[in-house]
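> For reference, the chains in residue letters:
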Amino acid sequence: MSIANIETKHEGGHHGFGVDEHGHFHHAHHFKDAHHQYESSKQGIWLFMVTEILMFGGLFVAYAIYKSLYAPIFHVGSSFLDVKWGSVNTVILITSSFTMALGIYYNQTNQFQKAVVSLALTILCALGFMGIKYIEYSHKIHDGLLPGKFFTNKEFPKKLSEYIKKMEPEDLSPQMKEIASNPKRLEKAAPLYFGFYFAMTGLHGLHVVIGACLIFWVMVKTHRRRFSSEYYTPVEGVGIFWHIVDLIWIYLFPLLYLVG
Amino acid sequence: MELVLNYSLYLISLICILVPFFGFGISPVLVVKGAIGIFLGNAYSQLVQGKILKNFIKEKKDSGNKTLTSILEPIQQKIDEIEDPSLVKMKKAEHDEHSHHVIPIPVYVGVLLVLLVGTAITVWIAQFDFGTWNTIIAMLVATIKASFVLGFFMHLKYDNMMNRVIFMSGFFFLLLLIAFSAADIFTRVNLIF
Amino acid sequence: MFTLTQAEQIQDAGEKNYLIHEKGLWSWLTTVDHKRIAIMYMIAVLTFFLIGGIFALLIRLELFTPGQTIVSPDTYNKFMTFHGAIMVFMVIIPAIPAIFGNFVLPIMLGAKDVAFPRLNLASWYIFMIGAILAASTLFLGGVDTGWTFYTPYSISTSTNVVLTVLGAFTMGMASILTGLNFVVTIHKLRAPGQTMSRIPLFVWAIYATSIIQILATPVLGITLLLIAAERILGVGIFDPTLGGDPVLFQHFFWFYSHPAVYIMVLPAMGIISELITTFSRKTIFGYTAIAYSSFAIAGVSFIVWGHHMYVSGQSEFAGKLFSVLTMLVGVPTAIKLFNWIATMYKGSIRLDAPMLYAIGFMFLFTIGGLTGIFLASLGMDVHFHDTYFVVAHFHYVMVGGTLMAFTGGLLYWFPKMFGKMTSDTLGRISWVFVFTGFNVTFFPQFILGAMGMPRRYYDYLPEYTSLNQISTVGSWLIGLGFVIVLIAIIKAFISGEKASANPWGGKTLEWKTASPPHYENFETTPVVTEGPYEYR
Chain A
856 MSIANIETKH
866 EGGHHGFGVD
876 EHGHFHHAHH
886 FKDAHHQYES
896 SKQGIWLFMV
906 TEILMFGGLF
916 VAYAIYKSLY
926 APIFHVGSSF
936 LDVKWGSVNT
946 VILITSSFTM
956 ALGIYYNQTN
966 QFQKAVVSLA
976 LTILCALGFM
986 GIKYIEYSHK
996 IHDGLLPGKF
1006 FTNKEFPKKL
1016 SEYIKKMEPE
1026 DLSPQMKEIA
1036 SNPKRLEKAA
1046 PLYFGFYFAM
1056 TGLHGLHVVI
1066 GACLIFWVMV
1076 KTHRRRFSSE
1086 YYTPVEGVGI
1096 FWHIVDLIWI
1106 YLFPLLYLVG
Chain B
-12 MELVLNYSLY
-2 LISLICILVP
8 FFGFGISPVL
18 VVKGAIGIFL
28 GNAYSQLVQG
38 KILKNFIKEK
48 KDSGNKTLTS
58 ILEPIQQKID
68 EIEDPSLVKM
78 KKAEHDEHSH
88 HVIPIPVYVG
98 VLLVLLVGTA
108 ITVWIAQFDF
118 GTWNTIIAML
128 VATIKASFVL
138 GFFMHLKYDN
148 MMNRVIFMSG
158 FFFLLLLIAF
168 SAADIFTRVN
178 LIF
Chain C
271 MFTLTQAEQI
281 QDAGEKNYLI
291 HEKGLWSWLT
301 TVDHKRIAIM
311 YMIAVLTFFL
321 IGGIFALLIR
331 LELFTPGQTI
341 VSPDTYNKFM
351 TFHGAIMVFM
361 VIIPAIPAIF
371 GNFVLPIMLG
381 AKDVAFPRLN
391 LASWYIFMIG
401 AILAASTLFL
411 GGVDTGWTFY
421 TPYSISTSTN
431 VVLTVLGAFT
441 MGMASILTGL
451 NFVVTIHKLR
461 APGQTMSRIP
471 LFVWAIYATS
481 IIQILATPVL
491 GITLLLIAAE
501 RILGVGIFDP
511 TLGGDPVLFQ
521 HFFWFYSHPA
531 VYIMVLPAMG
541 IISELITTFS
551 RKTIFGYTAI
561 AYSSFAIAGV
571 SFIVWGHHMY
581 VSGQSEFAGK
591 LFSVLTMLVG
601 VPTAIKLFNW
611 IATMYKGSIR
621 LDAPMLYAIG
631 FMFLFTIGGL
641 TGIFLASLGM
651 DVHFHDTYFV
661 VAHFHYVMVG
671 GTLMAFTGGL
681 LYWFPKMFGK
691 MTSDTLGRIS
701 WVFVFTGFNV
711 TFFPQFILGA
721 MGMPRRYYDY
731 LPEYTSLNQI
741 STVGSWLIGL
751 GFVIVLIAII
761 KAFISGEKAS
771 ANPWGGKTLE
781 WKTASPPHYE
791 NFETTPVVTE
801 GPYEYR
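Protein chains in written order, with this note's numbering: chain A, 856 to 1115; chain B, -12 to 180; chain C, 271 to 806.
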């Protein structure tokens, strides 16, 4: 390889990330220009989202496999969930996605007041979601519908054996038949559903909380005018994360609440 | 020599990969198509790296052949642009026309309505029992909602292809995970959990 | 030494070289310079290698005689778990990408840094936190499940599984972020004129590795979290008494861990491509084939994981499927090997220490890879599974493969990183010990496995004794070899000859900068006009 000398434009001194007091954005020095930095950051954010999809996806895969093997357990299990609260949560998250997109839009168009309001509304939605989650979880705890070794609900095994009696034997998988033939095992089988319920909604809830904290952070920075139409990449990044959280719930809701 | 070795290795690997999946019936066709595709791709990269076209144009230019060069030069320029977008940008004047696409609010509102309607449909349709189709229908509706979120809220519709490829690849590999795990679990004969 | 032409004379970076540009420990702990971060990774990884290596020596010492030699069975189980977990998660997976990828990749691309320098620093901290979490179990009673954490034992054992899996989860996060950084760097930060067909093969290898890191590690993440959930909450997904399926754990675990072994080996192959071409002073044979074969290996690696599970209760159909698919991975690997040999043919070969390690790699990895094909075969694996044959196989590819490539790369890039030459004699002597010791240690293990000695066993039948003892002596030779490498490095630091910009006559971009490089890599942005290995 031969090297030709190209003088790089020298940026005067080091500027912090983001928009400075005069409203100017200085891109990081290892990028050619602001657009180069923006495109690269976006790509990095999407790569990270792939990892989130794969992580939750693992849970979905396990859920799908167990659901086909133990259909009655999952059917009875989901009957203990309240579709009403699930639907409300879905509506809340979808609305929060909308307000998040607005938050990005207002930053793109330099309307910072409205951006802060939109982001605040998004956080409110997140808190609402967690509130309803709290209600749901406390009902479960009260009813003894807990994961794994803490499960104490008595109604579940009864409902389960009744449901299995109503089913045709050919509809049951060999693994299900094995469990159904032994009443003691049937009693202990509930965690197969509720383990998934708590693992999936728990991990999702954790991401809602993390997302809310991230939105709070960009809201504060928006308020301090650290973004502009020239530079709003962190808002967009947090927005993409938040939309992934919404996406996961869009799949979780029917799977856990409706199709069981 | 290098050419022969490379091509034979390409062919062998193609055959090894395709035959187990498609059997001996379809594979020959695919192998031939694959080989043609690889040959064309290789020829193109040899053309570019060996600067064959470039040198040819130069020769013709020097010998004064105007018509041939006027046809071939735009082709060479196009190849240059494809291979080396950064160099071409350096030759052009310094533009900063990278305006970010802004989606107008009415579009966002529309997407919100679509999503809310979709949620209502999901809940409504769940009361009917379609047997095994239950899950498939629910997932279909969810995927339609998801594509709206991805396309508009997350801007993928107006983004470059690479981000879409990146995101979709996640789902593809998830598919591999479930396909092969299911291939094991649902073909078990004995009940060894 | 090669004489540089006038045009290639590079000025010493002087005050601006990255090692002394900013001074003090704080400037290192808050650096965003990829070169400094690489050094920090190097110190960490080499320390973990020392610890993991000590466990290896202890294991081999215990196996010197049947029955108890130095420790109890429980302690032995902990030793073998630590050796595996430390070597896999803290040494072999991060070593080449985090050290050489970080240091050399941006320079090879003509960039000033990676795409996200602050994320790079965060990766290092996350890695250290994960390592400390996992290593803390050393003082809290240890873990004895084996590095694969198979259920149901990992659910029921009373040792510190949760801490270890949380540590591994955290280190996985660091791995993902590093891979992400490299992918965006390769896509977006290439110098003007550097098309994808002009990047060095080491970059192609890291590219394929990074994609595996991004796609496979999250599944390990969720699997480890589920282990923690099962232990703490009794979730029951993998517990057979509650209807769970332990084999599903293995599916999830190996979905990551098989691609993980390619995370270990692909960068090593990238280094070998660099070493072979530089020390044969000849353009690499079949650049395109080697580049694409990295991706072929990465792709195939995702559909073969069941070959770890042939006898675990997996269905016969799945076993056959995985067996056929696993055979495929030999093809791109062989393409690489033949291309390296073809590169050496009629080249002007110099047997400097890095080249010795490269040639050692080619020989040892071939044996390792071929024995992998033995294991891929469903029928043979029924006999070999969980025997020392498997142990020998993976040590041939990981130690004879990756570790030799790592050491070769270390000796190759040491002058670039630190501006000092290592003693070539010491390097060559170390190679003799490492290569010989390695074969003495692990070749007998193939025989032991074929004879039926199981792996991870504390005790064994008397007829296996002599081979075990040969193996143990070999382990001392390897240890000695690496001690000599350490001595060579320390000696280089103290009294090494000052290195020029291009002591080996390499043609890739990192040899166009000073040794050690300017803190921004290049004084002015290079413009690339030809391929990376133009020796003619």
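Hints are computed from structural coordinates only; laboratory data are not their basis.
Keep in mind that a hint or two might mislead.
DSS-like mimics (lysine-lysine), calculated; alpha carbons at most 30 angstroms apart, straight line [claimed, not checked]:
| no. | chain 1 | residue 1 | chain 2 | residue 2 |
| --- | --- | --- | --- | --- |
| 1 | A | K887 | C | K690 |
| 2 | A | K897 | C | K458 |
| 3 | B | K144 | A | K887 |
> Against each hint, give a clear statement of whether it holds in the structure.
Now for the hints, and whether the structure bears them out:
Annotation: proposed proximity of K887/A to K690/C is violated, straight-line Cα distance about 33 angstroms (limit 30 angstroms). Straight-line distance between C-alpha atoms of K897/A and K458/C comes to about 11 angstroms, which keeps the hinted pair within the 30 angstroms bound. With a C-alpha separation of about 26 angstroms, the suggested pair K144/B and K887/A falls inside the 30 angstroms cut-off, and the hint holds.
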